[in-house]
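Quick note, the sequences are listed as chains A and F, same order.
Mapping to our numbering: the first sequence position 61 is 61, numbers consecutive.
Mapping to our numbering: the second sequence position 318 is 318, numbers consecutive.
There may be inaccurate statements among the hints.
[Stated by the list, open to error] Here are the computed lysine-lysine pairs in the DSS-like style, where the Cα-Cα straight-line distance is at most 25 Å:
no.	chain 1	residue 1	chain 2	residue 2
1	F	LYS248	A	LYS85
2	A	LYS85	A	LYS6
3	A	LYS85	F	LYS165
4	F	LYS275	F	LYS190
5	A	LYS3	A	LYS136
6	F	LYS165	F	LYS256
7	A	LYS150	F	LYS10
8	A	LYS6	A	LYS133
9	F	LYS499	F	LYS477
10	F	LYS516	F	LYS427
11	F	LYS427	F	LYS477
12	A	LYS150	F	LYS99
[Unchecked claim] Distance ranges between label pairs, derived from CB positions:
no.	chain 1	residue 1	chain 2	residue 2	range
13	A	LYS136	F	ARG20	20 to 26 Å
14	F	GLY528	A	ALA174	31 to 37 Å
15	A	VAL10	F	TYR139	52 to 58 Å
16	A	ASP74	F	ASP276	22 to 28 Å
17	A	ASP74	F	LYS10	30 to 36 Å
18	A	ASP67	F	ASP244	40 to 46 Å
19	F	ARG530	A	ALA174	42 to 48 Å
These are computed hints drawn from the structure, not numbers from a lab.
Note that the structure is predicted; figures quoted are calculated from it, not measured.
C-beta: ideal position from N, C-alpha, C; glycine also.
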Amino acid sequence: MPKLIKNGRVIDDAAEILVLDEVQGPEALSLPDGPVFVPLAVWQAHKGALSGRAGLGVWLDSSESVDDLEGDLDSIGAIALNFPKFTDGRAYSSAALLRSRYAYTGEIRAIGDVLRDQFFFMQRCGFDAIQPKAGKYSDAQLEEALASLKDFSTPYQAAIDQPEPLFRRTQRAA
Amino acid sequence: MYRYDPYDQKIVDERVAQFRDQTRRYLAGELTDDEFRPLRLQNGLYIQRHAPMLRIAVPYGLLSSTQVRKLAHIARSYDKGYAHITTRQNVQFNWPELKMVPEILGELAQVQMHAIQTSGACIRNITSDPFAGVAGDEYIDPRPWCEVLRQWSTFHPEFAFLPRKFKIAVNGAEQDRAVIQCHDIGLELKRNAAGEIGFRVLVGGGMGRTPIIGEEINAFVPWQHIITYNEAILRVYNRYGRRDNLYKARIKILVKALGVAEFKRQVEEEWAFGKDGANTLTEAEVARVAAHFTTPVYETLAGEDAGYASQRAANTAFAAWARRNVLAHKVPGYAIVVLSLKNPATAPGDITAEQLDLVAEWADAYSFGEVRATHEQNLVLADVKQADLFALWEKARATGLATPTFGLLTDIICCPGGDFCALANAKSIPIANAIQARFDDLDYLYDIGDIELNISGCMNSCGHHHVGHIGILGVDKNGEEWYQVSLGGSQGNDTSIGKVIGRSFAAAEMPDVISKIIDVYRAQRQDGERFIDTVRRTGLDPFKLGVYGEAAIIERKQHA
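Work out the full structure, taking the sequences as your base and the hints as a guide.
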């Protein structure tokens, strides 16, 4: 079963990420049983049918805007943000916006080209679930990679995980 | 200057540990080249022609003598005995071994230094006025604000993978000495009518392939909001900056595409959410940081030291140096000294380990233990008593650090170019040295007067050629190195982008080309006009004529 880092622990996860191919446009709706992340376009085409479905999540590519989900967030249990390349940093802003501006409290999952050296930044921006590509890391490597969540113990700036900057959290001596 | 507290130290120590592990995993084959590249770049580590190149951060150009000694030690122990001062006030080593880099970072951490964010698509080292705190025309000392922004930008989780690199500069004086108009964000410290401190914010400036002068998007952001305002700019850029084309990924392209009014609207819409949030600066934090930049204990001295005046009268070489490399200080009896790294025998900006140790010694003896690096690739001792200038000059001269040409034709800004840099199209150091060799007559250089000649070995413009009064750009033509010349660029308050004068030249032609340009200037100038003023008044035509000759101009016009 695919693995996932959730709240700092490695767990099993069965959710499927539904990817539209050229044949299947967003109009068609054939979903697997069990937990699934559907593309934004599918969500938008079938909002009514999908709302409140158990185990339903929506995934956004890095070029898609979380602003498009405003108003829908109460009916979506989990949102996955795709990193097409790990150097594409748009999803960091997307996650931060979901948590801050839209006060989203469901799962935010990093998917795609997800590497351990970015875990720290992901966690700081509000990702609570991190899913490297299947086969990217062995189980042992993934356990080892948890260390990267703790690369820095006391960051300077405010972010989602630590909503106050260092200068407000502590009394720093001059 | 700023001294780390345990929090700052811990962040740097944890960085060393992190990069040590990343390097280990790379060398063990657990990280691919593509995966390791951004990690090493965000630690200033390039893979170059001969060896990795390590760029070390010198935040806003300030160094303590202890740090300078450590740089000397690193140059000796891990490199070939020298270091290079960059056009972002940083220090580069050209020959470290990849596997030794974690050791070097460990050494740097011992003296509160690091290589964090000196490259990569992130917020880079923040640059500023090398004369901060000592210049007479300063309104507000930029250094505390640079430090506040340094801490905010260090490992900012949302902005570690921007579309492209992101450079911020801060200036707080009447004269802009930080090139703020050519930065992704340029910040000018100022006071409003009520006397409150804030920032004029420019955005979208830059050099590179598409040189653009930054535009103002806010005339006055009160100091409390400067972090949230910067975050709003960065967020808009991170979300909407182009990622499909490396050459169109800088914020300047986004600003041009949207128009500055629309860009400002988006930023201020974003800012409405972050403004007054947790990142709003507090008086306590600014006071804490500012306390590190207090005025040194200056002696009460006469405005003009009598001995200094007689030493200049008695020694023409000293007088020449004093005329060019000694600048006015805001405190009577003190001076700002530029230690030139433009000795014609070496690459512009290079300094040996022995020289670094000596500079540290002089800093301790004459300048409160501090040294500054300038973006023009010189070093500065900012607080020297006039009475000490002669002794300092004798020592500097003995080791080749008293070339009396600050601000003259041979004080060339020059990137490492094709001798070292894997990105370069052409060599730049030999061109600089050849021009320095041609113009070796001091009286002639003084006659030419204030002029800026900048050389870049490729379009990335590390040598700031776009803003040189004379700019030289190395270009590749069918595998050969050629040089394109532009005139009329300028940094400072009246920043302008130079214009190319015509077809490019072979390396061997370059000293002659510069001679012809200077001849035209000397023939055309009116009553003490600086080079740049003549170019602005006459336009390029007389210079084209002087360089290419009449026949070439006529032929070009016929073909046009």
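List in ascending order the numbers of the hints, as given earlier, that are violated by the structure.
14, 17, 18
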